[in-house]
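**Student:** The whole structure should be built from the sequences, with the hints applied where relevant.
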Amino acid sequence: RKVAAKAAFDTQTAIIGTGTTMIDFASHKLDDAPGILVLDLTGSLDTQNSEYLMDCVQGHIEDGIDRIILNCAALDFISSMGLGTLIRAMARLKKQGGTVALAGAHGAVADVLRLVRLNRLLNIYGDVGEAAAALRQES
Numbered sequence: 001r002k003v004a005a006k007a008a009f010d011t012q013t014a015i016i017g018t019g020t021t022m023i024d025f026a027s028h029k030l031d032d033a034p035g036i037l038v039l040d041l042t043g044s045l046d047t048q049n050s051e052y053l054m055d056c057v058q059g060h061i062e063d064g065i066d067r068i069i070l071n072c073a074a075l076d077f078i079s080s081m082g083l084g085t086l087i088r089a090m091a092r093l094k095k096q097g098g099t100v101a102l103a104g105a106h107g108a109v110a111d112v113l114r115l116v117r118l119n120r121l122l123n124i125y126g127d128v129g130e131a132a133a134a135l136r137q138e139s
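According to this note's numbering, the sequence shown is numbered sequentially starting from 1.
For the record, the hints were derived by calculation from the structure and aren't laboratory data. Small disclaimer: the values here were computed from a predicted structure and weren't measured. The C-beta atom is built at its ideal place from N, Cα and C for all residues, glycine as well. A couple of the hints might just be wrong.
Straight-line distance between alpha carbons at most 20 Å, and here's what the computed SDA-like set of lysine to any residue pairs gives [as the list claims (entries may be wrong)]: (1) LYS95 to ASP66; (2) LYS29 to GLN48; (3) LYS29 to GLY98; (4) LYS95 to GLY129; (5) LYS29 to ALA74; (6) LYS94 to GLY43; (7) LYS29 to VAL116; (8) LYS94 to ALA133; (9) LYS94 to GLU62; (10) LYS95 to ALA74; (11) LYS94 to ALA74; (12) LYS29 to THR99; (13) LYS94 to ILE61.
DEER-style ranges, computed between Cβ atoms [unchecked claim]: (14) LEU115 to ASP63: 16 to 26 Å; (15) VAL116 to PRO34: 16 to 26 Å; (16) VAL116 to ASP31: 28 to 38 Å; (17) ALA74 to ASN119: 27 to 37 Å.
**Tutor:** Here's what the structure looks like:
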């Protein structure tokens, strides 16, 4: 499974989903912060795709990436499994001396993050630029 996840990111986009549940992951590095990886999430993060996202994050950790921004600007829905995946990603990166930041969460996704108080546990920023600036200062 990790090989498939890694290959999908090498092509820059992976789309999985069935019915109305879909998430699109695209990865890229910032020109002004090449040590930071941005994963753009689109659609829903739930039981059907959370493990896939975790495999992708783990693959990047194994490649030496230690700072990841999860861009949630186009994320429409997040389930409890998706919330758990965010926490697992943070824990794995922290264990390796790295960090994960969330950027651009809005609407229902931002409401859920606040409701379960993940804003106290995760680094959440208004947009990717703000998150990148914070991660650059940490290095």
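**Student:** Okay, which hints does this one fail, numbers in order?
**Tutor:** Per hint list: 2, 4, 6, 7, 10, 11, 14, 15, 17 violated.
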